[in-house]
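J.: Sequence:
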Amino acid sequence: MFSTFKCQIFLTLICIALCYEPTKEDLKCFNDYETEMKCSLSSERLQNCSGHKLNITHPVSNTFEKYTCIFERNHYSDNCECNITVEGFVATEIFNTTLLEGSNVLLYKTFMTSDFIKPKSPVLSVQKIENGNFNVTWDDQYEKNGIFFEALRINLTYGIKGGHKNISKTVPNTVRSYEIVAKNLLPNTNYILTATMSTDYNDHSIPSDQSATVEFTTCKSI
Numbered sequence: 001m002f003s004t005f006k007c008q009i010f011l012t013l014i015c016i017a018l019c020y021e022p023t024k025e026d027l028k029c030f031n032d033y034e035t036e037m038k039c040s041l042s043s044e045r046l047q048n049c050s051g052h053k054l055n056i057t058h059p060v061s062n063t064f065e066k067y068t069c070i071f072e073r074n075h076y077s078d079n080c081e082c083n084i085t086v087e088g089f090v091a092t093e094i095f096n097t098t099l100l101e102g103s104n105v106l107l108y109k110t111f112m113t114s115d116f117i118k119p120k121s122p123v124l125s126v127q128k129i130e131n132g133n134f135n136v137t138w139d140d141q142y143e144k145n146g147i148f149f150e151a152l153r154i155n156l157t158y159g160i161k162g163g164h165k166n167i168s169k170t171v172p173n174t175v176r177s178y179e180i181v182a183k184n185l186l187p188n189t190n191y192i193l194t195a196t197m198s199t200d201y202n203d204h205s206i207p208s209d210q211s212a213t214v215e216f217t218t219c220k221s222i
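Residue numbers for the sequence shown follow UniProt numbering, beginning at 1 and rising by one.
Calculated from the structure, these hints are not laboratory results. From the three backbone atoms N, C-alpha and C, an ideal C-beta is built for every residue, glycine too. It is possible that part of the hints are untrue.
[Claimed, not checked] The calculated lysine to aspartate or glutamate pairs, modelled on EDC-like cross-linking and capped at a C-alpha distance of 20 Å, are:
id, residue 1, residue 2
1, LYS144, GLU65
2, LYS165, ASP139
3, LYS109, ASP139
4, LYS161, GLU150
5, LYS161, GLU143
[Unchecked claim] Pairwise CB distance ranges (calculated):
id, residue 1, residue 2, range
6, ASN96, THR217, 31 to 41 Å
7, GLY146, PHE64, 21 to 31 Å
8, HIS164, SER125, 17 to 27 Å
9, SER43, THR110, 17 to 27 Å
10, LYS220, ILE147, 44 to 54 Å
11, GLY162, ILE94, 44 to 54 Å
12, SER125, ASN96, 12 to 22 Å
13, GLU25, GLN47, 16 to 26 Å
Construct the complete structure from the given sequences, taking the supplied hints into account.
T.: Right under this line is the structure:
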């Protein structure tokens, strides 16, 4: 009797250490408000991604579109990730997800499109202009019309390469460019510039991944 009790305790401790029971906070999904929805499963107790999948449904007209998203290990982190391609997004659409391990249902989670929009990363360009300033332009990678385009905002960050102090500026996406004034910079110095995008649709709560870094150099005398 006592041995059986000790065995039960031992098995319970093993399960606590090894058994994975995810929470809704462990499952995160984002959409680019164009065609891609990407989800990730993250937990220190998640041993592997094998067998984990996400069944996704959402209403379209009078039918339900159904997708299966198979998780695979991210090569750059311990997260399990998957993605699906859809024909398009509507801000008020609801996506119902069911997380499974094999045939075992682990959890259900519902997302509204507007709440989990993560815009695409902008592509930056910097050009020195006649007055000596630097003109920053960007490609937001979206069609240049419609309400969503107008709801985007770009968050620019620049500073001395290798330095620790940066300057941040946020401007509406529709302005299409931003001018960095050279006299506010140090002469003969290398600067780096990065940016993220965000949207009014979810109060700018989810910034895009950071853009690739762009470098520019000031003149010897400003």
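J.: Can the suggested window of 44 to 54 Å be confirmed for the beta-carbon pair LYS220 and ILE147?
T.: 46 Å, holds
J.: Starting from the range 44 to 54 Å, see whether the pair GLY162 and ILE94 falls in it by beta-carbon distance.
T.: Holds, since GLY162 and ILE94 (Cβ atoms, about 47 Å apart) stay within the stated range.
J.: For the hint 21 to 31 Å, verify it against the beta carbon of GLY146 and that of PHE64.
T.: Holds, since GLY146 and PHE64 (Cβ atoms, about 26 Å apart) stay within the stated range.
J.: Range first: 31 to 41 Å. Now tell me if the beta carbons of ASN96 and THR217 are that far apart.
T.: 52 Å, violated
J.: So if I understand the rule, the pair passes when the alpha-carbon distance is 20 Å or less; does LYS109 with ASP139 pass?
T.: Roughly 33 Å separates the two Cα atoms, so the pair is violated.
J.: Does the alpha-carbon distance linking LYS161 and GLU150 stay inside the 20 Å limit?
T.: 32 Å, violated
J.: Between SER125 and ASN96, does the beta-carbon spacing fit 12 to 22 Å?
T.: 41 Å, violated
J.: For the range 17 to 27 Å, tell me whether the beta carbons of HIS164 and SER125 fit it or not.
T.: Holds, at about 25 Å.
J.: Within 20 Å, alpha carbon to alpha carbon, are LYS161 and GLU143?
T.: 33 Å, violated
J.: Check the hint pairing LYS165 with ASP139 against an upper bound of 20 Å on the C-alpha distance.
T.: Since the Cα atoms of LYS165 and ASP139 sit roughly 26 Å apart, the hinted pair is violated (cutoff 20 Å).
J.: For the pair supplied as a hint, LYS144 and GLU65, is the alpha-carbon distance within the 20 Å limit?
T.: Violated. LYS144 to GLU65 sits at ~28 Å, over the 20 Å cutoff.
J.: Does the Cβ distance between GLU25 and GLN47 fall inside 16 to 26 Å?
T.: Given range 16 to 26 Å: holds, Cβ gap about 19 Å.
Of the numbered hints given earlier, the model fails hints 1, 2, 3, 4, 5, 6 and 12; all others are met.
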